[in-house]
Amino acid sequence: MKLVTAVIKPFKLDEVRSALETFGVQGMTVSEASGYGRQKGHTEVYRGAEYTVDLVPKLRLEVLVDDPDADDVVDVIAKSAQTGKIGDGKVWVTPVEAVIRVRTGETGAEAL
Amino acid sequence: MPEISAGDTAWVLASSALVLLMTPGLAFFYGGMVRSKNVLNMLMMSFICLAIVPVLWVLYGYSISFDTDAASGLFGGLGEVGLRGIGLDSVSGTIPEYAFVAFQLMFAIVTVALISGAIADRAKFGAWALFVVLWVSIVYFPVAHWVFAFDGGDGGWIGDRLGALDFAGGTAVHINAGAAALALALVVGKRTGWRREQMRPHNLPFVVLGAGLLWFGWFGFNSGSAVAANGLAAGAFINTAVATAAAILGWLAVEVVRDKHATTLGGASGAVTGLVAITPACAAVSPLGAILVGLLAGLACSLAIGLKYRFGYDDSLDVVGVHLVGGIVGTLLIGFLATADFTGGPEGLFFGGGGEQLGKQAVAAGAVMVYSFVVTYILGTIVHRLVGFRVTTDDEATGLDQVEHAETAYEFGTATGTPAGRLRTPQADPDRVATASAEEGVKA
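Top line first, the protein sequences correspond to chains H and F.
So in the numbering used here, the last one in the first sequence is 112, and the numbering has no gaps at all.
So in the numbering used here, the last one in the second sequence is 444, and the numbering has no gaps at all.
No wet-lab data here; the hints were simulated from the structure.
Cut-off 25 angstroms, straight-line C-alpha distance, at most; resulting in silico cross-link-like pairs (SDA-like, lysine to any residue):
1) H:40 with F:204
2) F:190 with F:311
3) F:260 with H:46
4) F:190 with F:314
5) F:37 with F:202
6) H:40 with F:194
7) H:9 with H:25
8) F:260 with H:41
9) H:2 with H:102
10) H:9 with F:202
11) H:40 with F:197
12) F:260 with H:43
13) H:40 with F:203
14) F:37 with H:41
15) H:90 with H:38
16) F:260 with H:55
17) H:85 with H:62
18) F:190 with H:50
19) H:40 with F:263
20) H:90 with H:28
21) F:37 with F:47
22) H:90 with H:5
23) F:190 with H:45
24) H:85 with H:41
25) H:79 with H:57
26) H:2 with H:111
27) F:260 with F:304
28) F:190 with H:49
29) H:9 with H:52
30) F:190 with H:51
31) H:40 with F:262
32) F:190 with F:370
33) F:37 with H:34
Some chain H residues judged to face chain F by a derived CB distance under 8 angstroms, without partners named:
34) 44
35) 45
36) 46
37) 47
38) 48
39) 51
For each residue, glycine too, the CB sits at the ideal point set by N, CA and C.
One chain only, chain H, in its complex shape (with noise of 0.2 angstroms):
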């Protein structure tokens, strides 16, 4: 099994869900996030001084699938998730050793 991990403009959520949903997979978890890649943060101003703001809010999303589905999977967000413009986020996968499904004790890819 694989964990894809995906981090995205907040925007992007609905359009990636669909897309995962019409490929097929069956849940995912979701949670905010802040940081930045080369997109950098931006300048705001209290009373004339001047902040700059590094951590830029993202969304994170976190998929578990079957080996044989990972790249699919990645492809399937890195494609509704693009914008072509700068801070549209990034996707890896890491190996997972193992799966529960608390409700009925399923593991591996049974508890997918």
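With chain H's structure known, arrange chain F on it following the hints.
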């Protein structure tokens, strides 16, 4: 025996309630500007003034401010301690004296609360409470006598004897609080990490909400200071509206030129600046004059807030830049723009009155500023030596809400709402809890 006017009484009582609302309004105005870990402390610094000052006012404050003068215009006597001798039949002008007592009380509350913005994020709550007691007693009550006590030339030395014009408290409230803020910021010292760390306002909607409440309440502050429901009250009302508007425009103009953006914080700050500047002048200038007062105050104060960076004092929420500078602008402009139509006599430099009134205005502003700065510096130092004004650096990093009040303003994220936190006291009865969950299980 003087007649009580029902209309005047109604307006002064309503105005008193309006002015009271300014203090919670100020709490939100300030609260939104601090970091989220300190917002409750900021609110409480204002709120505690609503608790301490009324008690002192009834005990001896009103007497020091408004009893028959006891020392050449410096303070009143102690004849009305505990409001002795004042009853339901007592009359002050055309209103019951209790109405006047209530109206003036609200001024005392908000004035000391204004100072809190200068020492946001780092003061011990107990030390602040002690300071509030000392400051209103030794600074505000006498200065209110100087400016607001009228007794046919035998009242306070600034208002009644010198003849400086300060309708609603440009000197007694704003220059007074602003100079005190500067002194206290110097005594307490800078926030840890000032000018190095991010100290952005955590909730600008609160700031705008607070500015709105202040503006609303300020109509009672200025227009109510006519202590009558008459033409002068209405004149002060329209002046308060238009000066505030002009000050927002002035502040935003500076921002657009300097920073390229008209900011929300700038709009809210501009409004308060205009309100401050028109406070002394609202019954001395025409509505056109009020526009000029507001505009100049907006321009001056939006630039003055940069002074703290140049001189290196951490007046955290710009009490000096807004209240001291705005108060001085409004108080001095009376010397230029006062018109006999409003004042009933004295005229400013631009209306043929010569420099005499301007001189009086300068003396009044200077005297209150120096007295407030010096005495506040001494009082602040006493409190600092006695109990320590600052929390530790660790506590400052943790945040005052948790350290000083054992509370958190906001639930961030999902984890904090779950049983990650458990009720410690009062203890739940373990047997009953067990039975209850068993019953739930049966039903399920």
